[in-house]
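Q: Let chain D serve as the given structure and place chain S on it in line with the hints.
Number of protein chains: 2
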Amino acid sequence: MSAQTARQTAASISAASPLDGLSLLLGDDMKKVNALILQKMQSDVPMIPQVARYLIAAGGKRIRPLLTLASARLSGHDGPRPYGLAAAVEFIHSATLLHDDVVDESRERRGQDSANIVFGNQASVLVGDFLFARAFQLMVEDGAIEVLRILSDAAATIAQGEVLQLQTARNPDTSMDEYKKIIGAKTAALFAAACEIGPVVAGKNSATQEALRDYGYNLGMAFQIADDVLDYAADQKTLGKTVGDDFREGKMTAPVILALQDADAEERAFWQRTMEKQDQAKGDLDRALAILGRHGALERGLALAHDYATKACAALNGAPRGALHDMLLALPAFAVKRDH
Amino acid sequence: MSAQTARQTAASISAASPLDGLSLLLGDDMKKVNALILQKMQSDVPMIPQVARYLIAAGGKRIRPLLTLASARLSGHDGPRPYGLAAAVEFIHSATLLHDDVVDESRERRGQDSANIVFGNQASVLVGDFLFARAFQLMVEDGAIEVLRILSDAAATIAQGEVLQLQTARNPDTSMDEYKKIIGAKTAALFAAACEIGPVVAGKNSATQEALRDYGYNLGMAFQIADDVLDYAADQKTLGKTVGDDFREGKMTAPVILALQDADAEERAFWQRTMEKQDQAKGDLDRALAILGRHGALERGLALAHDYATKACAALNGAPRGALHDMLLALPAFAVKRDH
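Top line first, the protein sequences correspond to chains D and S.
By the count of our numbering, the first sequence reaches residue 340 at its end, each step adding exactly one.
By the count of our numbering, the second sequence reaches residue 340 at its end, each step adding exactly one.
If we strip away everything but chain D, and leave its shape as in the complex, we get (with noise of 0.2 Å):
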């Protein structure tokens, strides 16, 4: 073990988070994504950096190219080809960012306005269709036609995923099925295919890239549904988003579809009124938060977080131990504990 590796993983051991472990334990890796990620989002037309710049300067875990950097290292490669390809994924997803909020017509992210909001609608489609393009060219640079395949289908499925939620907006009638398959698609498919890439890059035979991209779904799975249950979390203010978002928008989310499971007919009524035919006032969503409550629906929201947060630390079963593997094994844990 070098001095460095020493230092980064006793830096990763005392480190507040798992995902803060990471950071440190790939820091010098992550040093070189992040390089990439800010020269290629240049270019010489300059509206396209600067939204760009906006929203991915503006913070964000880094969590799905820090997935593929530990898959990759985790199976044995040590050389720099997941550099572009986690840049790549990074890509993927602040497009899937920059288009979900002009579709949501969100107006805050990561703590900040969102980039629809500053720079309007139009740049932030165009710009989102400039990130995706160049995460292809990224892809193409690195030139396996595997990992194109794999970040092509997460990317087509992402779309579906959305474009599903989109049909299910303001429907009560949602199922937990509907809603699994909705975050399967816009969510844990990136995750799992930003984990599937690293034993692709390393050379690894298909037994150890499924159980990486088995790892990447359940935590993204567990991810989400968490996410999901902190929107309705009013005293996390810190998070760098709006509590209730879910709620003003109609979305049909984990905590409501559970509450909705054993809802009474004046409860079944407040959902329609407010979901289905968004005729929302001034106390609404306290009610909302107080129904959630009556039904424990956010402890059973995380409860079924767990669960796929236990799937996913099962799948790194057959995985080589050490701190990185220490870390991701952390990690879904730490997803559905958030309060960040």
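Hints listed in this document are in silico derivations from the structure and should not be mistaken for laboratory results.
Remember, it's a predicted structure, so these values are computed and weren't measured experimentally.
Do not rely on the hints blindly, as some may be mistaken.
Where chains are identical, the list cannot tell them apart; a pair therefore holds if satisfied intra-copy or between any two copies.
[Unchecked claim] In silico EDC-like links for lysine to aspartate or glutamate, alpha-carbon gap of 20 Å or less: (1) K181 / D44; (2) K180 / D44; (3) K61 / E108; (4) K181 / D153.
A: Here is chain S on its own, set in the frame of chain D:
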């Protein structure tokens, strides 16, 4: 020459236009491409084929997939490989149309209400994303990394052209060079790419690749400039687009840029008011047309388009002679003269 080929050649010679001729000459191939387009726009999310079919089945000239087929056949490839790539090219084009109409707030496309009007901006953005991803899946199925390079480069260039267009909108100081850069990116780049992948599939050398790319680029320039002139040709009500769209949107295109080159103070004030400040009243479009007429701006625009058409034809110098060559040679002049 088979009976079928002979029949097609005879048909193409008597066809109303080189585009019809090309469609007839490549009729059997285009049937396969159209079937593939319909098949690959399917999804178990019903809104996706619904929106895609609405746009794609509404017609359109399918000029880009025709170019991919033609360039592959002209380069000596006679297998089915170009079908998927021609469909990919059409999907990229369709995705940009869906996003364009959102960005431009268009109301009409191909003679009917545009998709953003019928299905909303959200569906247009997301189904565009799906078609874009699907295009890359089709390229991955083909497996040629060089094709992926060509089309991912084109996609990034298109997005940059669109953003540049957004930035120059309503700016009467837009130069002819900036205009050429915009249309070179947003239109000619995909024409060039559509043509370039033909020789790649046929395994031809880079000189053939460059020649056909050159043909496509110049054809695309001619096509777009003619299109921008037609936008002001008020008697062309059969275009399937509203006359004066570019004027109303403040889009700086060849006719206005040419008319501004030797505009007097009053005319300049008119363009500033109507384009820059978007302060338009009844009768302003007629006045714009009168000013364009005074400067011969439409004729001069078409002359510029004709220059590109000539360059396109010159690029075909080294290509094998025959019916396909004849049609491709006739296409650029037709693109300029078209009143359809």
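Q: Taking the hints in turn, state whether each one holds.
A: Status of each hint after checking the structure:
1. K181 / D44: Intra 40 Å, inter 11 Å, cutoff 20 Å: inter-copy only.
2. K180 / D44: between (41 Å within a copy, 15 Å between copies)
3. K61 / E108: Within one copy only: 16 Å inside, 41 Å across.
4. K181 / D153: within (15 Å within a copy, 33 Å between copies)
The structure fails none of the hints (numbered hints given earlier).
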